[in-house]
Structure formats: structure tokens, C-alpha cells
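Participant: Residue strings, one per chain:
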Amino acid sequence: MTDAGESIGLVIRHGRDGDPVADAVVRAIAGPLLAAGLRFVTRSVTDEETELRTYRLWARVGGIAGVILLGVAEPDARIRLLRQIDMPFVALAPASTAVDYPAVTVNATAASTALAGFLDTHHSGRCVYVTSQRVPEPFGTDAAADDPAIEIVHADDVVDESVRLGAQASEAAPIALVVDSDHDAVAVLGALEAQGIRVPEAVALICWSDSLVCQSASRPITAIDRRGREIGTELGLAAIAAIHDESFGSVAAPAPVVVIRETT
Amino acid sequence: MTPPRRIGPSSANTRSVVLDMVRSGGTVTRTELAGRSGLTPTSIARIVKSLIEDGLVVETGFSESTGGKRSSLLELNTAGRFAVGLSLDAGRLTYVVTDLAGSVIGRLVSPGIEQAGPGEDVVRIARELGQLLVQLDIPLESVVGVGVAGAGLDLGAGAERLSLTATEWESFALNKALEPRIGLPVVRDNDAACAALGQYWAGRISATQDFATLYMSNGFGLGLMVGGSIARGASSNVGEIGHLIVDVDGPECWCGARGCLEMLAAPRAVVAAALEDDELADRLGLSRDPHRFRADFEAIARAAAGGEARCCALIQRSARYVAAAVLSIVNVLDLDRIVLAGPGFADAGAIYVREIRDQVTRFARTRTIHPVIVELADPGLDAAAGGAATLALQHALTPHAAAAGWSGSS
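Sequence lines, in order, name chains A and B. Using my numbering, you'd call the opening residue of the first sequence number 1 and step up by one each time. Using my numbering, you'd call the opening residue of the second sequence number 1 and step up by one each time.
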């Protein structure tokens with residue numbers, strides 16, 4: 001095998017690709033690695049067994065100096081394996097996890113806290129989080145789970161449910177709708193406007209994860225910046241420290257912020 | 001119902017067309033393929049047999065019985081072959097490995113081409129590509145080829161160099177240099193065309209819709225999809241939107257004209273304007289190094305996306321010129337969809353989208369007939385590399401589609 005220099009590796013499980021926060025994290029990791037003369041390899045897999053097989057392969061063929069884990073469990077078979085094969089690693093881990101390895105930790109309720117703070121100061125009235133699924137960890141996704149002021153509605157069709165809720169609102173009795181995905185948020189905005197429902201006067205619309213899609217919507221959509229870029233940069237720096245045996249410990253991801261745009 | 005696509009059994013492209021029908025059809029039967037192609041069941045059976053033997057198509061079960069013998073269901077064997085796409089960019093090289101369906105298997109990001117000349121970079125590319133395939137556990141013999149997306153014109157080997165944005169790469173015989181080093185066929189196209197092709201192949205845009213992809217890296221390019229094929233022109237150089245004149249009294253361009261879009265709105269121009277403000281340049285930590293203008297542009301774009309007023313004004317000014325150019329393209333070609341792609345739009349793409357959308361909504365000649373959708377490709381940074389992998393797949397497996405591009409030559 002030819003040696004093309006050292007890389008940091010990342011295995012991405014299907015289902016996480018396409019999440020705007022995960023995308024932002026992955027894109028940002030490359031920045032500090034390239035600046036340090038490293039390369040960045042990613043491999044998409046469907047299951048844990050394939051992920052474990054990939055790490056064994058990387059240990060065997062060389063060229064991968066260390067790996068980044070997006071999310072960890074307790075216990076985590078990947079961490080056990082990476083220690084066995086002596087592969088340096090860093091992880092993006094929930095703040096609730098006890099870590100004894102280099103990690104960037106994410107408080108799972110931080111985005112919810114940011115949302116609650118925003119609603120306290122910018123919205124009076126009902127707030128409903130409309131979701132078709134629970135977004136996978138570890139990007140801080142316990143959406144409003146412990147905030148009784150925010151109702152959670154599970155719906156197969158987020159757009160239809162949002163329009164139904166929006167039709168019950170008025171400028172005298174406004175409602176704030178929070179939706180998971182940026183594409184859903186754009187669709188909800190279009191559907192509300194098509195129904196003649198006034199945004200933001202009757203319905204305030206907030207997307208759970210900010211992205212270029214939210215920013216470039218026909219009316220830019222208020223969204224929670226989950227700080228994917230900063231998290232990715234921290235992970236890249238942590239990976240560099242890990243492969244050079246430098247002390248890194250764990251650092252907390254920066255707190256999410258609500259970016260106010262035209263829909264609130 | 002779609003009418004059958006009549007193809008002659010003696011056509012060299014027959015196999016390619018049938019494979020493309022399996023790809024676009026998802027799950028199909030031999031009977032359906034015969035109906036769609038106009039070929040006889042015997043011809044279809046023979047072609048499908050060869051596709052199965054080559055590992056390109058698999059039988060996945062049987063259709064529901066309608067009284068007679070149940071038909072075998074055919075699908076693309078997505079893991080049967082792979083393709084590599086490579087985006088040559090000053091900031092970074094991006095390699096994308098896809099399966100037959102265009103799904104991404106793996107990626108590699110490595111330092112860009114701004115430091116060394118093509119001769120050195122080709123050696124590095126060959127090494128990196130070889131190592132990536134090993135790390136993804138993909139045998140070389142299952143890779144159909146490498147598509148390369150790069151900026152600038154295709155001038156051919158040894159031609160006179162002109163471009164500020166693509167420097168020596170425009171006249172470098174990449175295929176000849178890279179193919180013997182990697183043992184794979186190499187096909188090259190410009191980054192804008194690749195990005196458009198990637199959007200189309202990934203199924204994000206229907207084959208019946210013509211659209212353009214505006215790509216921004218060091219400069220600008222326009223990829224134009226017409227009838228499901230890339231428009232290429234007389235010399236395969238369609239899309240030099242960077243040299244659309246948007247100000248006849250504007251600054252002189254290296255191409256010889258005045259007021260080209262590239263001189264007024266490309267990252268280099270934005271950075272030059274920012275450097276006139278020492279306080280801003282210091283605060284953003286701009287390098288003032290002409291070789292690092294892309295990093296400086298990213299810093300300005302990020303600050304603009306975060307609402308910094310002076311950076312917003314700089315990006316907005318660039319966006320107004322870009323919107324004027326896009327409006328002209330929309331008017332000339334009667335397009336109803338524009339996709340923005342490339343690293344130049346990664347941070348402040350939303351500002352460009354809003355400005356373009358505003359201008360075409362207000363001024364497009366066809367505005368009372370149809371809307372023009374303006375959107376960002378997702379994800380912007382990999383669009384060209386993903387499309388380049390598609391280019392390699394097309395050339396190797398469905399050459400009839402690769403060759404069908406609209407040409408402006410008479």
C-alpha cells in the first residue's frame with residue numbers, strides 16, 4: 001500500500017447523514033485537520049457490526065491515525081474495540097455520560113433551554129412542538145421533553161398537523177410551532193401562507209435546527225443554531241491532540257442559540 | 001403512460017439504455033423493459049442475462065401473479081460497481097466514492113491544489129486515491145472510473161494558459177497523467193457541470209425539468225441541464241458565466257473584456273474590497289496573502305452570515321452582481337430553476353439566494369407565466385465531487401446518456 005499521509009477517520013451511520021447539525025459538524029471537522037496537514041476520511045455504514053469491521057480494517061491497513069465517534073452509548077462496544085486495537089479516538093458525547101477519554105460533550109436539554117428562554121421573552125401563548133420522530137442523539141435533542149410549557153405532538157404528517165394547529169390560532173390567540181427539520185419548516189411556512197394564516201402574527205414558526213435552508217427560505221425562518229460548526233471544529237482539534245498524545249480531557253459544546261428571523 | 005423508447009437491437013448503446021432503464025425504474029420486470037424499450041422479449045432476455053453475469057443487475061424476487069407465470073423482479077446491483085468523484089479545488093480536494101445508485105460510500109478531504117503544480121498534485125492524487133479505496137475496502141477492479149471536476153475551460157494539453165482561477169490545470173492533460181498511475185479511466189468536466197449532473201442523477205430534479213447550477217469556488221461556472229443531459233457547446237465549454245459582462249465600464253478583466261462578473265463578485269473581489277478597510281481586515285484576521293484569499297473570503301462570508309454589517313454589505317454587493325447575471329441567464333434560457341452550489345456558497349449562500357430570488361421575481365420576463373425556483377444545493381461542498389462520480393458512472397455504464405449532451409456546434 002502506498003502511504004498518502006495520515007488521516008482522521010469518521011464512520012457515519014445511515015440515518016445521521018442528512019441531519020443538518022450532523023452535516024455541519026462533519027463539514028467543520030475537516031478545517032483544523034487540513035490546517036494541521038492531516039486528511040479526513042469518512043465511511044458510511046448501515047450497522048454497528050460494519051462500523052466495528054471498519055475500525056479493524058483501518059488498524060490493519062494503516063493510514064488512519066485516529067478516529068472520531070459521533071455519539072457514544074454506555075457501554076459502547078466501539079470504545080472497547082478502539083482501546084483493544086490501540087486506535088486513538090475522541091467522541092461527541094452526551095453531557096450525562098461519564099467520559100474517561102477525550103470528548104466534546106453536548107447537553108441534551110440545552111437547545112430546549114434556549115427555546116424556552118426565547119419563548120419567555122418573545123412569545124405569549126401556546127407553543128407546540130410538532131414532530132414525526134425523535135431525532136437521534138447526540139446533538140442535544142431532548143426537545144422540550146422536560147418543559148411543561150411546550151406541548152409535544154407526534155404526527156406522521158408534520159405539515160398537515162401544523163396547518164391544522166395554525167388554523168386554530170389568531171392574532172389575539174397566537175401559537176408558536178416548532179418543527180424538527182428545515183425542509184419541513186419550509187413546507188409548513190408555504191402551507192400556512194397558502195391557507196392565509198398570518199406568519200408571524202398568528203403563527204410563529206421556529207425550526208429546531210438552523211441550516212442554509214432556513215436562512216434562504218422565501219421568508220427566512222427563525223431557528224435554533226445548534227452550533228454544529230463549533231462542535232466540529234472542537235472535535236477536529238481534539239482529534240489532533242489525541243493522536244499527538246496531548247492532554248485534551250473533555251470540553252462542553254457551546255450553548256445553542258435561537259437565531260431570530262422573519263417567522264417570529 | 002410513457003410511450004416505448006424505440007431502440008434498434010443492433011445499436012451499440014442498447015445495453016447501456018437497458019441498464020439505464022433498470023436504474024431509473026427502481027424495480028422492473030423483463031416484460032416491462034421490453035415494453036419501454038420496444039425491443040423483443042428475446043433481446044431483453046439476452047441483454048439482462050449479460051447484465052446479471054457482469055454483476056450490474058440482480059434478481060430480487062418475483063412479481064405478484066396475474067394468473068400466469070410470475071415474472072422475476074430486476075434491480076440495479078448497487079454494490080456491484082463503484083465510482084470515484086474528485087473535486088479539484090484550491091481550498092481542498094474532495095474525493096467521493098459512490099455505489100451504482102450514486103449513494104455515497106465514503107469521502108476523503110485533503111489539502112487543495114493551490115500549493116503545488118499539477119505534476120506534483122497528480123502524484124499525490126494517485127496515492128490518496130489508492131489509499132482511500134483500501135480504507136473503504138473497495139477492490140480496484142470494481143471501480144468503473146474516476147470523474148474529475150475542476151474549474152476553468154477545457155483547453156486541451158499544451159494550450160495557452162489564461163485563467164487566474166484555474167491556472168495551470170486548464171491546459172494540463174489530466175487524463176493522460178492520472179490514468180496510468182491509478183489504472184482506471186479518468187473523465188473530466190468543469191465543476192459546475194458536474195454539480196448539475198449530480199443534482200440530476202441523485203434524483204433531486206426530474207429529467208423533464210431543465211435547470212442551471214451556478215457554481216462558485218474561486219470563480220463562477222454555470223452547469224446547464226437540458227432534457228436530462230449536460231449542455232456542452234461547441235468545445236465542451238458551456239457555462240463561462242464568470243465572464244458575463246455586468247458593468248461595461250467596470251474593471252478590466254484578465255480575459256481582455258471589462259466588467260466581467262468574476263472581477264466584480266468572485267471571492268477575490270470581495271476580499272479585495274474588505275482589505276480596503278484595515279479595521280475590518282484586522283478584526284476578521286484576514287491574511288492579506290493573495291494565496292489565502294479563499295480562507296479570507298470564508299471569514300468574510302461567515303461574519304456576514306452572522307449579521308456583521310460591513311461583511312453583509314460586501315456579500316450583498318457581490319450578490320447583486322451575481323443576481324444580475326443570473327437574471328440574464330433566466331431571461332435568455334427561460335429557466336424555472338436555479339441551484340446554487342460550491343464552496344463559495346457554503347457560508348453566506350442564503351444572502352445570494354435571497355438577492356437572486358428577489359431580482360428574478362421582480363424582473364424576469366416570464367414572471368407572470370411561471371415562478372423561478374432559486375435554491376441551494378445540499379450539501380454545497382460535495383456537489384461537484386458527487387457529480388463527478390456520476391460522470392464516471394455515466395461514461396462507463398450508460399455512455400448513451402453521457403454522449404447525449406446538447407451541443408452548440410453546428
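Derived by calculation from the structure, the hints in this document are not laboratory data. Remember, predicted model here, so these are calculated numbers, not experimental data. Ideal Cβ placement from N, Cα and C applies to all residues, glycine included. Some clues are possibly wrong.
Not everything, but these chain A residues come out facing chain B in the computed CB check (under 7 Å) [stated by the list, open to error]:
{"#": "1", "residue": "A30"}
{"#": "2", "residue": "R39"}
{"#": "3", "residue": "F40"}
{"#": "4", "residue": "V41"}
{"#": "5", "residue": "R43"}
{"#": "6", "residue": "V45"}
{"#": "7", "residue": "T46"}
{"#": "8", "residue": "L57"}
{"#": "9", "residue": "V61"}
{"#": "10", "residue": "A65"}
{"#": "11", "residue": "T97"}
{"#": "12", "residue": "L212"}
{"#": "13", "residue": "Q215"}
{"#": "14", "residue": "S216"}
Participant: What are the numbers of the hints the structure violates, in ascending order?
Facilitator: Numbers 6, 7, 10 and 11 - these are the hints that the structure violates, sorted from lowest upward.
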